[in-house]
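Chemist: If you want the building blocks of each chain, they are given just below.
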Amino acid sequence: GDSVTQMEGPVTLSEEAFLTINCTYTATGYPSLFWYVQYPGEGLQLLLKATKADDKGSNKGFEATYRKETTSFHLEKGSVQVSDSAVYFCALSRTFQGAQKLVFGQGTRLTINP
Amino acid sequence: GAVVSQHPSWVICKSGTSVKIECRSLDFQATTMFWYRQFPKQSLMLMATSNEGSKATYEQGVEKDKFLINHASLTLSTLTVTSAHPEDSSFYICSARPGQGGNQPQHFGDGTRLSIL
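Chains as they are written, first to last, in the numbering used here: chain A, 1 to 114; chain B, 115 to 231.
No lab work stands behind these hints: they were computed from the structure. Heads up, a few of these hints could be off.
25 Å max Cα-Cα, derived SDA-like pairs, lysine to any residue [claimed, not checked]:
{"no.": "1", "chain 1": "B", "residue 1": "K128", "chain 2": "A", "residue 2": "G41"}
{"no.": "2", "chain 1": "A", "residue 1": "K68", "chain 2": "B", "residue 2": "P219"}
{"no.": "3", "chain 1": "B", "residue 1": "K155", "chain 2": "A", "residue 2": "V82"}
{"no.": "4", "chain 1": "B", "residue 1": "K155", "chain 2": "A", "residue 2": "K68"}
{"no.": "5", "chain 1": "A", "residue 1": "K49", "chain 2": "B", "residue 2": "S157"}
{"no.": "6", "chain 1": "B", "residue 1": "K134", "chain 2": "B", "residue 2": "S187"}
{"no.": "7", "chain 1": "A", "residue 1": "K52", "chain 2": "B", "residue 2": "Q218"}
{"no.": "8", "chain 1": "B", "residue 1": "K155", "chain 2": "A", "residue 2": "G1"}
{"no.": "9", "chain 1": "A", "residue 1": "K52", "chain 2": "B", "residue 2": "K134"}
Using the sequences provided together with the hints, build the complete structure.
Modeler: Below is the structure:
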């Protein structure tokens, strides 16, 4: 079945460091790919998305490119801030029995130290 | 835009009590809403998919008589945890998707932390 695998956390970086959180997926067909962010005690917020191969999603300095050849959607940011500390979820969207559903990775907890 | 409100955000109750959680899409119509459960430091587990005006579709292993879902309008879905017990304690998150699907993203509520004593 469809699945999403993220790099294990927690990830701890200093402010202004470069961030990469790896995400790979297994899916039939061509799913849409998403990154969601969850701040402490809150629900998930859509960070960025890509709907087809070679699309690049970007938002708030974060980027991810849909790589069909490597089935990856790695999240990157050039210079992280303390306020980026959160849990990040990679997800794919698939249609099952006529309904579109999200399949989430296990989440990666990111802590940015000042 | 695309705001989803979930209420209550936190509830503590005694074992055996039934608890209702509401999920509202505030500025869009949501044909489909989803209910997730999240255990501490783990990912979201889809419990059920709720379509307006029809019965919810439950994921394998989720007890439909335990977790009652009602989606009576295009802006409101409710999850009732019946006769809750300590093992039902968890973080419950709803999401809503505008329109008829396609590649529309889901928009999430802020979650409800349920603690059963």
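Chemist: May I ask which of the numbered hints given earlier this structure violates, with the numbers listed in increasing order?
Modeler: Checked against the structure, the hints that fail are numbers 4 and 9, while the rest are satisfied.
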